[in-house]
Amino acid sequence: QQQVKQSPQSLIVQKGGIPIINCAYENTAFDYFPWYQQFPGKGPALLIAIRPDVSEKKEGRFTISFNKSAKQFSLHIMDSQPGDSATYFCAASWDSGAGSYQLTFGKGTKLSVIP
Amino acid sequence: NAGVTQTPKFRILKIGQSMTLQCTQDMNHNYMYWYRQDPGMGLKLIYYSVGAGITDKGEVPNGYNVSRSTTEDFPLRLELAAPSQTSVYFCASSVTGLGEYFGPGTRLTVL
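So the sequence lines, in the order shown, correspond to chains X and G.
Under this note's numbering, the first residue of the first sequence carries the number 1, and numbering increases by one thereafter.
Under this note's numbering, the first residue of the second sequence carries the number 1001, and numbering increases by one thereafter.
The following block holds chain X by itself, in its conformation from the complex (with noise of 0.2 Å):
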């Protein structure tokens, strides 16, 4: 299956809190796993990804979390700001062959922060 969840659908949270968002995958062949950011007229913007081989990392003020034998990834993001306002997007990736690698998406996450 090349399918990727991702819950919750929206999201509100006031400033300064850390909003959590969760991925869960079936395909084992998938091997990077990326977080997207979109704002509203824009196309999505890699905001960090990570390998299978490694359980957490940070860029600024975000985190992915993954757990391997659970086939689930998150993205924490710590102190968020109204700015982090966007739809986020969970994705995984296969090499389809000869190099060629297809990102499978989830359904997309809205946050929004309130001051």
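The reader is advised that the hints may include incorrect statements.
To be verified - Derived EDC-like pairs (lysine to aspartate or glutamate); straight-line CA-CA distance at most 20 Å: (1) G:K1057 x X:E56; (2) X:K68 x X:E56; (3) X:K15 x X:D79; (4) X:K68 x X:E26; (5) X:K5 x G:E1059; (6) X:K110 x G:D1038; (7) X:K42 x G:D1056; (8) G:K1009 x G:D1038; (9) X:K58 x X:D79; (10) G:K1044 x X:E26; (11) X:K15 x X:D31; (12) X:K5 x X:D31; (13) X:K71 x X:D31; (14) G:K1044 x X:D31; (15) X:K110 x X:D79; (16) G:K1044 x X:D95; (17) X:K68 x X:D53; (18) X:K71 x X:D84; (19) X:K110 x X:D84; (20) G:K1057 x G:E1079; (21) X:K42 x X:D95; (22) X:K42 x X:D79; (23) X:K5 x G:D1038; (24) G:K1044 x G:D1056; (25) X:K107 x G:D1038; (26) X:K107 x G:E1059; (27) G:K1057 x G:D1038; (28) X:K42 x X:D84; (29) X:K58 x X:D84; (30) X:K42 x X:E26; (31) G:K1009 x G:E1072; (32) X:K42 x G:D1026; (33) X:K58 x X:D31.
Claimed, not checked - Non-contacting residues of chain X with respect to chain G, defined by C-beta distances greater than 10 Å in every case (computed): (34) Q9; (35) I12; (36) V13; (37) Q14; (38) G17; (39) N22; (40) E26.
To be clear, the hints were calculated from the coordinates, so they are not data collected in a lab.
For every residue, glycine included, the Cβ atom is placed at its ideal position computed from N, Cα and C.
Take the given structure of chain X and dock chain G to it, following the hints.
Using the frame of chain X, we list chain G on its own:
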């Protein structure tokens, strides 16, 4: 660098009309992709290319065609537009096949 550029930004088509969505990248990336995004559904891969002259189908290729004659350009062709093709279309490119850069999108409505 302009990155990934897409034209047009918006388009309204009548059922049965044809059009080409243009995509150009100036980063010399070998990998290029076309996705469609429908509300609440994430992004789905339509076609991709690993280099000039090489293209392959993604998850939802029906009703679309692509060509890749140069490294920079990857146009998407809709031959007989249908209401089901109303969507936002994103082109993307990458160096290694990972870490894609997305364009700003084309919003297409088929009436």
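Structure-based check of each hint:
no. : hint              : result
1   : G:K1057 x X:E56   : 33 Å, violated
2   : X:K68 x X:E56     : 11 Å, holds
3   : X:K15 x X:D79     : 7 Å, holds
4   : X:K68 x X:E26     : 11 Å, holds
5   : X:K5 x G:E1059    : 17 Å, holds
6   : X:K110 x G:D1038  : 14 Å, holds
7   : X:K42 x G:D1056   : 26 Å, violated
8   : G:K1009 x G:D1038 : 16 Å, holds
9   : X:K58 x X:D79     : 14 Å, holds
10  : G:K1044 x X:E26   : 18 Å, holds
11  : X:K15 x X:D31     : 33 Å, violated
12  : X:K5 x X:D31      : 16 Å, holds
13  : X:K71 x X:D31     : 11 Å, holds
14  : G:K1044 x X:D31   : 19 Å, holds
15  : X:K110 x X:D79    : 17 Å, holds
16  : G:K1044 x X:D95   : 17 Å, holds
17  : X:K68 x X:D53     : 8 Å, holds
18  : X:K71 x X:D84     : 26 Å, violated
19  : X:K110 x X:D84    : 10 Å, holds
20  : G:K1057 x G:E1079 : 16 Å, holds
21  : X:K42 x X:D95     : 27 Å, violated
22  : X:K42 x X:D79     : 24 Å, violated
23  : X:K5 x G:D1038    : 16 Å, holds
24  : G:K1044 x G:D1056 : 14 Å, holds
25  : X:K107 x G:D1038  : 10 Å, holds
26  : X:K107 x G:E1059  : 15 Å, holds
27  : G:K1057 x G:D1038 : 19 Å, holds
28  : X:K42 x X:D84     : 14 Å, holds
29  : X:K58 x X:D84     : 16 Å, holds
30  : X:K42 x X:E26     : 30 Å, violated
31  : G:K1009 x G:E1072 : 19 Å, holds
32  : X:K42 x G:D1026   : 19 Å, holds
33  : X:K58 x X:D31     : 18 Å, holds
34  : Q9                : 7 Å, violated
35  : I12               : 17 Å, holds
36  : V13               : 21 Å, holds
37  : Q14               : 25 Å, holds
38  : G17               : 24 Å, holds
39  : N22               : 15 Å, holds
40  : E26               : 16 Å, holds
The structure is inconsistent with the numbered hints 1, 7, 11, 18, 21, 22, 30, 34, although it conforms to all the rest.
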